Amino acid sequence: MPRDTLADLCDEALVVLYANGDPDAARLLAKRLVPRVMGYAARMLADRAEAEDIAQEAMLRLWRVAPDWRQGEARVSTWIYRVVANLCTDRLRARRRQRAEALDDVAEPADGAASVVAGMIEADRMAALDRALAALPERQREAVVLRHIEGFNNPEIAEILQIGVEAVESLTARGKRALAAVLAGQRAALGYEEAE
Amino acid sequence: MDDLDDLLTGAKAVSMPPSDALMARVLADAATVQAGFVAVRPAVVVARAGWLARLAAVFGGAGSLAGVSAAAVMGLVFGFVQPDGIGAVADIWVGSDVAQLDLMPQVDVLLAEE
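Chains D and E supply the protein sequences, listed in that same order.
Counting in this note's numbering, the first sequence runs from 1 upward without gaps.
Counting in this note's numbering, the second sequence runs from 1 upward without gaps.
No lab work stands behind these hints, which were simulated from the structure alone.
Model, not experiment: these values are computed from the prediction.
Check each hint, because a few of them may be wrong.
[Said to hold, decoys possible] Taking CB as the label site, the calculated pair distances span:
| id | chain 1 | residue 1 | chain 2 | residue 2 | range |
| --- | --- | --- | --- | --- | --- |
| 1 | E | 73 | D | 20 | 42 to 48 Å |
| 2 | D | 48 | E | 5 | 23 to 29 Å |
| 3 | E | 5 | D | 22 | 38 to 44 Å |
[Stated by the list, open to error] Per the computed footprint, the stretches of chain D lying under chain E, defined by three or more beta-carbons under 8 Å from a beta-carbon of chain E, are:
| id | region |
| --- | --- |
| 4 | 61-72 |
| 5 | 170-182 |
Every residue gets a Cβ at the ideal spot worked out from N, C-alpha and C, and that includes glycine.
Produce the complete structure using the sequences and hints provided.
Take a look at the structure:
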């Protein structure tokens, strides 16, 4: 099938085409999904190398399940995020078992020294956000990232995390409050006070 | 909270492009798994065309064969039933009253008794 036509297809149709042997379907699916799932895994694990491993593993599971994929039963995006969420949970549990928690490895945010505040750029804000996210309990972090960064709605998050919609609402609300509390002490470092 | 919303909105816009090496590994996995699908897929057996299909091909397809068949059936019906309208049409074509139309007069010679 021509690539121009493939680009118009939804992920679910591409999975079926891939299962039928279309060589370009995999390329397009990888282009769409890998950056998203890798970004999500990186935010969950605060480790790019581990995030890449998880993205590859999640995509491998998608390739393997492709012949059994039934269109209309599930969305590829929610399915693969669920796989990534489970893989991240496994990694985080392994870390805890090894008593090598991610927070110990993450450098503390810099003080609000004048030179730092003056030199703060958007990348630093993102780094601060990632550090703050890493400080949240795992479930809250998942819910906040899926809702506010990955852009899923609550029913989709419920499907990904395999919990109820009410639980999602509670997790996102508590997660966002906790995130605000963590970042409250860094307002100066994040350069927000000057804007007010 | 507005600052936090700004921060989250900014994070949404930040993309994390995967490395070329990762994409290569993902696509290599895809090709390997896909090759397995092709290997286990049963060979497609092309069925030999049946006699009806071959007959239809002689007449230029199933549509043409259906037309020929319909004409043959209608010919038989008109032959047995001989509706009144047929005589009128024959009169127009032949130009006289037609009770019996001899389509092969030369055969009479062969059939005549000596």
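Hint numbers contradicted by this structure | Failing hints: none at all.
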